[in-house]
Amino acid sequence: MKVDRRSFLGLGLGAVAGIAVSPVGLKLTDDSSIWTQNWPWTPVPVDGEVTYESSVCSLCPGSCGISVRKIDDRPVKIEGLADYPVNDGGVCLHGIAGLQYLYDPARIKSPLKKNGDKFEEISWDDAIAIVADKLADIRKKGSPEKLACIADKEQGSVSGLFKRLLKTFGSPNFYTMPSLESYLEVTAAAMHGEGKTIAFDLENSDFILSFGAGIIEGWGSPVNCFKANASRKERHAKLYQIEPRLSNTAANADKWIPIKPGTQADLALGLCAVILKNNLFDSNATANFKGGFHKLAAILQKNYALSKTAEITGVKAVDIEKLAILFAKAKMPVAVFGHGRGDGAQSLKELAAVHTLNCLVGNINKKGGTFVLPKNEYLEFPDESMDSIADAGFAKSKTGRYVNQLIEKVNASSQPAIEALFVYNTNPCYSLHDPKSVKQAFGKIPFVVSFSSFLDETAKEADIILPSHTFLERLEDVPSCAGLAKSVVGLTKPVIEPVFNTKNPGDAVILIAKALEGSIAQSFEWEIYDECLENITSGIWDSLSEDGHVVISDGPGESTAVNVSFLADNPVTIQAQGDYELTLIPIDNMRLINAGTTASPFAIKTVSDRVLKGSDIVIEMNPLTAKGLKDKGFAILTTPMGNARVMINLNEGMMPGVIGMVEGLGHTLNTKNMSNKYVSNKGVNINDLIGPVIESGSGLDAAFGIKAKISKA
Amino acid sequence: MKQENNKAHKFGMVIDLDKCTGCGSCMVSCMSENNVPFKEDESNKKDSITWMRVYKLTNGKSFPDTEIVYLPRPCQHCGGKGDHGHSPCISVCPATATDYGYDTGIVSQIYTRCFGCRYCMGACPYHARYFNWWDPKWPEGMEKYLSPNVSPRMRGVVEKCSFCYHRYQAARDTAYYEGRDDIEEHEYQTACTTACPAGAIVFGDLNNPFHKVHQIVKPDPHPDTRNKHVIGKSRNPKVFRLLERLGTNPKIYYLSEREWVRKQGDNYLDGEWDEIKNHHGSSSHG
Amino acid sequence: MDSALIPKGAKRCSFPKFTIGIAIVSAVLLWGVYAMFLCWFKGLNQTNMNDYYGFALWIWADLAVIAVGGGAFFTGLLRYILKVDELKNIINFAVIIGFICYSSALLILAIDIGQPLRGWFIFWHANVHSMLTEVAFCLSAYFAVLTIEFIPNILENRQVNKVPFFHHLAHNMHGVMAVFAATGAFLSFFHQGSLGGVAGVLFGRPFAVREGLLIWPWTFFLFTWSAAAFGPCFTLLITKITEVITGKKLVKDNVVYLLAKISGWMIITYITAKIIDTIYWAMVTAPSLGFTLSHFYTDNSFYGYWILVTEIIICGVVPGLILIMKSTRENPTLRIIAFVLGTIGICLNRWVMVLQIMAVPVMSFDTWALYIPSWQEVATTILPVAYGIILIAIAYRYLPVFPQEKELNR
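Protein chains in written order, with the numbering used here: chain A, 1 to 713; chain B, 714 to 999; chain C, 1000 to 1409.
Here chain A stands alone, though its shape is the one from the complex (with noise of 0.2 Å):
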């Protein structure tokens, strides 16, 4: 058949008119349209048994219970445990986003030795026996006191394993970060003596004068803290918030007393000074007062009259008069310490001006008022054997009463003041003041050992990387240690195989001491740590495992002396550093975490625009003192430390001349193979712009803010 022009055009057309026709078409729209229902790179998540199991949340001091949903084998999603003494059901945005931390892109994926630069996977048995080398080499050489530890917390096993592996091998060098924990216990230990602890009825309490601390934003056990500032309204009890900005617990108090920054310490005192001079005091409980209570009645007269603490705190002396009237005069008043989360950096003389304001109305040990507890001794570790080494080692002084003190003569001195350092479930190397000097100090020590399960600012710093289970792979036992009202011992239980190549902590110090022998390994007699566990708590181990918890006590303790002598010496007032005109202080955001973890995707997810915009920090400043700086404009921050480029916030709820910064931002969770850009290099970490200020007495870093300028950028 010869084929032309024509008889082709009439095929074309005729098949394709044939094809129109024909089911084909439809055929394909119907196809594609459930293709891209069904798209390959949109995950479709397996079903299977719905199950719950219950744990105990331990990302921060709050120590909540959680039940944690699961289909099969794989937790889904983490929710508050009703009926858990701590927190009843709710949960924060932290514990729920839990799930997130155990497939974190920034996870220590197998132990880490640094090479260089870069870090190498190492296996466990090579890592522990490098640990191990090590240590012996410190100890041959007759100096164990230099092996130093720096944990979150003083409480719990974990800790006390570190604990006791340092003892057993000669170390009285175990450090504790600043913490809510560790200021409750300096306070007890000043005013109340040692091994004591402060706990605030918050719940009970129907006045509560707040010096700063962020009620409902993370401060103490923060669901726990969210339940009594809720149940207010229902008990009618009030709360009176002290602070130079407009917080969120500020703005849900029911007044808001705006105070210049560093200056609640004098404000408390001025307040005491009221409650004396008007006789409003509870004079059963002063009779309890020791180390010069005449002498302090006489300072506060002197320093601390209505006009001069007017003039120091910019509170108008006809205010500062009624609230002490109306917190003298309540029926359960409680005063409560502690900036923002209340880890952050402290006086002793703001801690016990503002307790001695609860020792004046005779609170202490009373329903609603703060108690006096017995520091939460629940584990009976069996006795150390100790090596005349560890006896000698172990009976020096420590090298800084605490990190502060230890970093700084880590730095001062020429030759290695420390040889080995362990770092657990913190980050100093991110959340102290000047994280430059910590890095510099951590680079002088030979040799640093991180169990971090995240490859956070401190593991980098590290030369072995023995990588730790998150708190939903492992057990642990989790005391509540936060200012709470009762206390409550928890365990948290595994919901998942572990991830990752990782351990317990527990495991990874036993593996140790045991690679170490002698009396050291003697000392760790336990198989694994979920037996040195069950054996430590035998006390109360059954009803731990069975019910997941345990209510130590419920309650105030007993009535107890109170020693106001470092008040009664007339401490000065920690003044900002710096000369330049504002200050600048730390921001409190629930919404992110600022010491230990970093904040999850999530909880970034949920940070204001007003907080973070892209990649750049946002300050909060009164619009007066912007003086021509324009709102979501940029500048330059400007304090002794250092500087930052930052936009600007126009915040009507900020003290003029005072200029607000959130915590918890500037993360660097990235090297070359690993990163987290969900959560990391985003805004500035206020600590580099704030240097370390020690109040004499008592040690510590008590730098609340830093003077500052700002300049168009």
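Treat the hints as calculated values from the structure; they're not laboratory data. Keep in mind that the hints are not guaranteed to be accurate.
[Unchecked claim] Below, simulated DSS-like cross-link-like pairs (lysine-lysine); rule was C-alpha separation at most 25 Å, straight line:
| no. | chain 1 | residue 1 | chain 2 | residue 2 |
| --- | --- | --- | --- | --- |
| 1 | A | 233 | B | 990 |
| 2 | B | 759 | A | 630 |
| 3 | A | 77 | B | 850 |
| 4 | A | 113 | A | 460 |
| 5 | A | 677 | A | 632 |
| 6 | B | 850 | C | 1041 |
| 7 | A | 255 | B | 951 |
| 8 | A | 238 | B | 850 |
| 9 | A | 627 | B | 774 |
| 10 | B | 774 | A | 632 |
| 11 | B | 990 | A | 632 |
| 12 | B | 752 | A | 672 |
| 13 | B | 769 | A | 632 |
| 14 | B | 774 | A | 255 |
| 15 | A | 109 | B | 774 |
| 16 | B | 857 | A | 677 |
| 17 | B | 774 | A | 316 |
| 18 | B | 774 | A | 260 |
| 19 | C | 1041 | B | 758 |
Predicted, not measured: the structure shown is a model, and the values here were computed from it.
Start from chain A and add chains B and C according to the hints.
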């Protein structure tokens, strides 16, 4: 009374703004429950998927008289004018991809039917609807935490709060299995409600006088005397709805002791507020 | 080279010159096509749209081209139904412009939706309450009508017309064109209207919402009326531009005057209705929802009262007046100014009814949302313009679009 119980459900919520702390638990609980994705930069709130979004309101006064309050905003599950189920979004969707559950009062969204025209988003004055501008992506391994109860959405479709409809289904299934006709109040609670550490959110059936939400809201079943489109106005003087005057008839109610907060719930001409603030539904049906 | 295809007796530029011109415009077209594929394959994150601006530049462009393409249905209505015979001299061109506008509108919609492969759900799962459903049905149907209206003109090509079948087909189609013109006018009335309805029914958006007649808000009628009024303006404007580019007179003045006069009266009646609508909305509708007029035009850096004045007075009343008065209408400069203003006015109206609606905050604590389109959006919006230029150029070169061309260029 009995008859009222047999009526269709009308699930709704009342949020106590005096208790809300702005902590963000509801937002994260929602994200985790409903497989909401996240991306590197979520600071552009105009393309950040947050079925539950918490707004910060201020009274606009200068230091030190400033006050702030947080206002959580899930989908308002509007009943539309006269509460007939023609919510602003449902009536405009060309492909019936969003629909009104007359038995629940819940505004649904069918992801696999939505073809992404975004008309519903333009129609919603609450900005409760979100578009998947990107493919949802989870870091390697993280997809293991996804819940099978809610399918992850594909790029190019609109999504929004469903009042955790899958929880309603689960509760109903349990009731059916146990031979009960209906579910108990506590059996069906949204993820934000159960997560709120301050207990600021109360969820339940607005039609059921035994439910707490009904007792707080006291919804007026009759049309508002001032605006015939408005049904279910609260007879509690401290309770308000967002943009009630538009006649959208949302099922999210807000509670606040503070007048300035209640005033920000809607728009008022000069002088109108003083007149309106004391008008709380018909008193005759109390 | 291609002289065999060029209508008999018509003078056209040389083929190389034509090719170069087309090539330049094609480059722009390809840029747009590239952007279009980016949007399809990478998704709408390529745009600067966001959850506040679900409707943005594209939907404006869509509404604008449909509005200015309204010249086709209205001229068709006048020519075939109302038998205004002179308009036969411009009807072909009006149809081509309409065809370009409507095909562009469909293309834009295909790019704009998040799931283009499911776009047909609008027909399959149609929601009869949705104005957009009405738009989709009428738009598709009217596009088919426009295609049918365009075909006879294509068949008149010198070579195609040699085939007896096509010759007869063209002839017979002309005969029944009134039926299609009537269908087109009917469809067009509805979809222009329903596009207006898209905004008017948004009772959650006080800036957009209007009261109305039965299910149709006033914007429904205003959109239809305005498309009919300003569409011919655009047809005449493009005709003028084509005349300038080709350097030839293509349509006799009396035809232009007639259509301009009709357009002028349509504009005047429309703008009167629009002013009444605006006043009623500003004085009654919006205040009943708690909004004052100032809420919509202050407190932001772009949308001021200027946009209202520009749309209604400068680009509405002014061109209307110019075109209804003989002296000004027949003044070539003023007439062109009127066409330009009219075209801007209708486009501005569509802008306001799409983008300003999205920009205005409704919740008292919400803020204005402003938006700047991404280059991908701009490129895909220019794409139809380039496509239109190419199609007009080809049609003009090879088809007898202007019946009066030969007579006027002897």
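**Request:** Taking the numbered hints from earlier one at a time, note which ones the structure violates and give those numbers from smallest to largest.
**Result:** The structure conflicts with hints 8, 11, 15, although it agrees with all the remaining ones.
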